[in-house]
Structures are given as C-alpha cells and as structure tokens.
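There are 2 protein chains.
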Amino acid sequence: MRVALDAMGGDFAPEATIEGVKLAIEEMPSDSGIVLVGKKDIIDPLIAAKGIDTSLVEVVHAKDVINMGEHPTRALTQKPESSIAIGFGLLKEKIVNAFCSAGNTGAMHVGAMFTIKAIEGIIRPGIAGFVPKENGDYGVIMDVGANADCKPDVLVQFGEMGSLYARHIFKIDNPKVGLMNLGEEEQKGTLLTQAAFQLFKLDKKVNFIGNIEGRDVFNDKTDVIVCDGFTGNVILKFAESIYDILKKRELLDPFFNKFNYEAIGGSPILGVNGNVIIGHGVSSPLAIKNMLLQAQKMAKSNIHLKIKESLGE
Amino acid sequence: MRVALDAMGGDFAPEATIEGVKLAIEEMPSDSGIVLVGKKDIIDPLIAAKGIDTSLVEVVHAKDVINMGEHPTRALTQKPESSIAIGFGLLKEKIVNAFCSAGNTGAMHVGAMFTIKAIEGIIRPGIAGFVPKENGDYGVIMDVGANADCKPDVLVQFGEMGSLYARHIFKIDNPKVGLMNLGEEEQKGTLLTQAAFQLFKLDKKVNFIGNIEGRDVFNDKTDVIVCDGFTGNVILKFAESIYDILKKRELLDPFFNKFNYEAIGGSPILGVNGNVIIGHGVSSPLAIKNMLLQAQKMAKSNIHLKIKESLGE
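Line by line, the protein sequences are chains V and G.
Residues 1 to 313 in the UniProt record's numbering are what the first sequence lists, from first letter to last.
Residues 1 to 313 in the UniProt record's numbering are what the second sequence lists, from first letter to last.
Accuracy of the hints is not assured; some may be wrong.
[Stated by the list, open to error] As a list, the in silico DSS-like pairs of lysine-lysine whose alpha-carbon atoms are at most 27 Å apart:
1) G:K221 x V:K117
2) V:K248 x G:K221
3) V:K248 x G:K133
4) G:K94 x V:K247
Honestly, the hints are just simulated from the structure, not real lab data.
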C-alpha cells in the first residue's frame with residue numbers, strides 16, 4: 001500500500017509536509033509506504049535532517065510547483081512536471097494507491113477530473129467533508145464545494161457515495177443518510193430538495209431517513225448529510241470559524257476540538273477512479289499526518305472501487 | 001406608540017407572554033402601550049395576578065387560537081376571530097403600530113401577506129434573522145426561511161431591506177452588505193449568486209462589499225448578509241444548535257450567549273405594509289420581552305415606511 005504526498009503543497013511546505021510524514025510513519029501499518037513528490041534536492045536533505053528512515057519513504061522528483069494562486073487548468077497544462085501533475089500520473093499508472101496534497105485545491109480537482117477521471121456512471125464527483133458528532137463519531141457531509149449548482153440525481157449520488165465512505169472508512173453499519181433542508185416535512189424546501197427527496201425515497205442503496213435541518217449537523221440523526229456544494233461549503237466554513245472563535249476565547253473542550261481541520265486532515269474527492277484527498281492550504285504537520293492516515297485507510301479499503309462497483313456503469 | 005402581542009401565541013402562552021409583558025413594561029418608554037390579543041377571561045386574571053399596571057396594557061378579546069400544528073391558510077380562513085387574525089386586523093386598521101406573536105409561524109407569514117400585504121414594488125417579502133458579531137453588534141441575515149428558491153433581483157431587495165433595517169433599528173451608518181457565497185471572487189458561486197453579484201454592483205442603494213463566505217458570519221466584514229431563505233435557515237438553525245451544545249457543555253461566555261434566540265426575541269417580516277415580528281415557538285418571558293422591545297423600536301422608526309419610501313413603487 002503506497003500513498004503519494006505532494007511534498008510541495010501547502011502554505012508551509014515542504015517543512016510541514018516532511019514533518020507530517022515523520023509523524024505519520026509512527027502510526028502507519030508496516031506494509032505501508034509513502035511516496036513524496038517534489039523537488040528532490042530540497043526534500044532529501046529535509047528527510048535526512050529529520051532523521052526519517054529512508055527505507056520507508058521514496059522520493060519522486062518533480063521540478064515544478066503549482067502555486068496557490070495559479071489558474072488550475074492553465075497551470076496543469078503548462079506544468080506537466082509539477083508535483084501535482086506527477087502525483088496524478090503515479091496514481092493513474094497505479095504506482096501508488098492514493099494521492100494527497102495540501103496545495104492548489106482547484107488544480108487537485110481538475111487534475112483528478114482530467115487524469116484519473118470520473119467513474120463512468122457518476123454524474124458529478126464531489127468533495128466530502130467531515131463534521132464531528134455529539135456521539136463521538138464523525139459524520140460525512142457532501143458536497144462541500146465542488147458543485148455549487150446541483151440537479152436532484154446528483155444529490156442522490158452524493159448520498160450514495162457518502163454512505164459508502166461512512167461504511168468502509170468510518171465502519172458505520174447501514175449509515176443514516178439525511179437531506180439538508182429548511183424543515184423536516186417532505187414537501188418543505190427548494191425545488192431541488194423536494195425532487196431529491198422523492199428520488200431518495202425510491203433509492204434502495206441508502207438508508208434514507210428524510211430531511212434534516214441546520215440544527216442536526218452535529219447530532220446523531222444522520223451519519224451522512226447530503227447537500228449541494230454551495231450549502232456544504234457554507235456549513236463547513238461556518239463550523240471552522242466557530243472553532244476559531246472558541247479557540248480565541250479559550251473555550252475549548254474535546255467535542256469542539258474535533259472541529260479543528262487538523263484532526264481529519266483533508267477532504268476526499270469521491271466519484272473518481274482513484275483515492276484522492278485535498279488538504280487545507282494552511283496544513284500543519286498534524287494535518288498532513290492525519291491526511292496521510294486517511295489516505296492509507298482509503299487505499300486499504302479501496303473505496304473508489306467500492307463506489308465503482310456499486311454506482312458505476 | 002402601541003404594540004400588539006398575541007397573548008395566546010407560543011408553547012408557553014399565555015403564562016410566558018404575560019410575564020414577558022411585565023418585564024417589557026419596565027423597560028419601555030412611557031409613551032408606549034401594549035395591546036394584548038387573546039382570550040380576555042384568561043388574560044385579565046393573569047394580568048391581575050402578576051400585578052401589572054392595567055393603565056399600560058389593553059386587552060382585545062379574541063375567542064379563538066390558531067394552534068402550532070394547524071395549516072396556516074386554512075386556520076386563518078376558518079378562525080377569523082383567532083388572536084392572530086384579530087392582531088393583523090388591528091395592524092391593518094392602524095389601531096396598533098406593530099404586531100408580534102410567538103405562535104404559528106406560517107399563520108403569521110400568511111396573515112401578513114393577506115391582510116397588510118406586500119409593499120408594492122417588493123417582489124418577495126422576507127424574514128430577517130440576527131447574528132451576533134465579534135465586535136459586539138448584531139448583524140442582519142436575510143432571508144432566513146420565507147423564500148427557499150430565490151431569483152437574483154429578490155436577493156438584491158433582501159440586501160436593500162436588510163440594510164435599511166440595520167440603519168434604522170441598529171443605527172449602523174452605511175451598513176456593509178455581503179453576498180453569502182462559497183468563495184470571495186466575483187465569478188464564484190451558483191448561477192443565482194453570480195447573477196445577484198452583477199446586480200449588486202450596479203445598485204446605488206446599498207454599500208455592497210462583495211462575496212463573503214461561511215467563515216464571515218460572525219466577523220465584522222458585513223452588517224447585512226444576503227442569501228436565499230434556504231441558506232439563511234440552515235445557517236440560523238446551525239448557529240442555534242451550537243449555542244445549545246455550548247450550553248449543555250457549560251461553555252458559556254458573553255459572545256456565545258448572544259446566540260441565544262431569547263436575546264433578540266424574534267424575526268421581523270420585512271417588505272410588508274406594517275411592522276410584524278415572528279417569535280420562536282418556545283419563547284420564554286425574556287424572549288417575549290425582547291420581541292416587544294424590538295417591535296417598539298420598529299414602530300418608532302416606522303421601518304416599513306422607510307422600506308416603502310426607498311423601494312416601493
């Protein structure tokens with residue numbers, strides 16, 4: 001099982017990425033390896049300086065870096081030897097089982113769509129986010145920003161993919177799937193949620209429990225929250241800001257600490273032919289470590305194949 | 001200045017409403033009066049029992065009550081002598097300057113639309129909510145649930161109405177209006193937000209500062225957050241649930257206490273020919289008091305006329 005990491009991705013790379021690798025190695029199963037993609041002349045000395053066992057990490061040289069502000073499609077075209085382009089190449093050729101980066105989010109998304117591509121039968125791949133639950137688990141929320149405008153059948157696939165993720169990665173039996181709405185009653189909501197509700201009722205692939213509301217994000221009514229990428233993005237960023245305010249006001253406790261993006265490390269793209277995680281631009285070593293561990297779990301369960309078997313054509 | 005209150009509205013009425021009136025009287029200006037609408041035989045003894053000065057409150061008898069679960073339109077048609085129907089009658093006849101209720105939200109909304117009606121020129125009246133700001137103020141968020149699906153020009157009017165509210169009720173000079181979106185850049189978002197952004201750029205009536213994100217709900221980038229009723233409803237209920245979790249975990253401080261719905265008391269309907277506030281079903285005496293004080297401010301500033309002058313046809 002090999003997980004590739006864009007060593008150059010993120011505001012604090014490569015310092016933070018290499019330090020994150022060091023932390024991850026301590027917790028990863030012995031049959032796992034890490035492939036670092038990036039400038040070898042910078043990475044090698046950092047690995048040595050941190051005393052990382054070089055038998056556990058491999059470095060694949062990439063002479064370019066896509067910067068945070070670059071236009072995703074243009075950058076990927078103009079920089080075929082960037083760490084993100086080469087990382088996706090390794091994933092496409094099945095040299096690695098997962099690829100993750102805290103670099104340019106758009107480039108990661110575009111890279112996934114154009115190299116490993118969407119699974120046939122998946123209308124729109126989406127990005128899954130995670131919310132801590134009062135019962136101690138994490139819940140999946142999907143989509144969190146890849147698709148601002150969605151059709152009803154796209155929302156249904158988000159529910160199906162999120163459900164597979166909750167089952168195979170979080171080991172939740174028969175995950176409860178809820179549709180984010182402004183009221184619980186069937187007829188409530190937008191034209192989109194009303195139509196999606198009717199499709200979910202007929203869907204045998206998920207355990208649909210009906211509409212949920214903003215107040216249900218953290219309770220245990222659902223394991224998977226379905227919404228368009230606009231709504232999911234607003235919810236996720238709002239939750240992050242609350243964590244920041246609590247921290248600033250020194251009001252921390254174990255539940256709210258789980259809001260911290262570092263605890264989960266990154267957001268997977270679901271519905272593409274490979275395991276891909278996008279990390280936060282400001283990723284710390286702890287965030288990188290958790291992203292690598294999540295990638296390792298995704299690779300081990302082969303979640304993208306589970307999605308393909310269940311939903312692909 | 002007379003404010004009418006549905007004495008029978010809310011899960012804990014009439015006990016909580018009459019107790020709320022008692023609290024409000026202590027803080028209201030001496031030229032203000034309260035008109036209680038409801039069953040006189042129940043209200044009068046409660047007023048006496050609580051030792052409320054009867055020269056400051058007037059009771060208008062209403063023999064019926066619209067219950068929480070009733071269908072709004074049907075209930076209003078079948079119960080013309082309900083406290084909500086009679087309250088709107090008083091408002092329409094200008095016997096009172098504002099009307100508020102913690103009763104059936106739908107009936108309050110329908111009652112406003114069918115008795116005092118939308119201001120001519122207002123495409124869709126909306127419900128404004130309030131969010132505490134880190135700088136100590138409150139911000140306006142609109143719409144929070146009256147209109148799930150919105151057109152771009154409707155969002156622009158929400159911004160204009162919210163701006164007038166912030167100016168005249170919260171006394172904020174030149175309120176900053178932001179469009180809730182999933183990114184700050186102009187081209188980001190849904191078809192709706194992209195189109196609304198272009199309209200806002202040309203709008204001379206508001207101080208449009210551009211797109212904001214979920215993380216900006218509580219900071220001072222904006223005084224007015226514009227969104228469709230679906231998004232606003234999700235944000236508001238999510239915020240309320242966070243307050244509840246904090247309270248449960250005994251993590252309270254002055255900023256997060258302002259999340260408490262009781263602190264503001266209710267949500268005004270903006271864009272109709274009169275001052276109307278809808279309270280939370282579970283309203284406590286404190287919430288009723290603050291709803292009455294807010295209604296009094298709305299009546300004093302005649303906010304509905306300000307909206308009519310600025311936006312009406």
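Here's how the hints hold up against the structure:
1. G:K221 x V:K117: violated, 39 Å
2. V:K248 x G:K221: Roughly 18 Å between the alpha carbons, so the hint for V:K248 and G:K221 holds.
3. V:K248 x G:K133: Within the cut-off at roughly 14 Å; holds.
4. G:K94 x V:K247: violated, 50 Å
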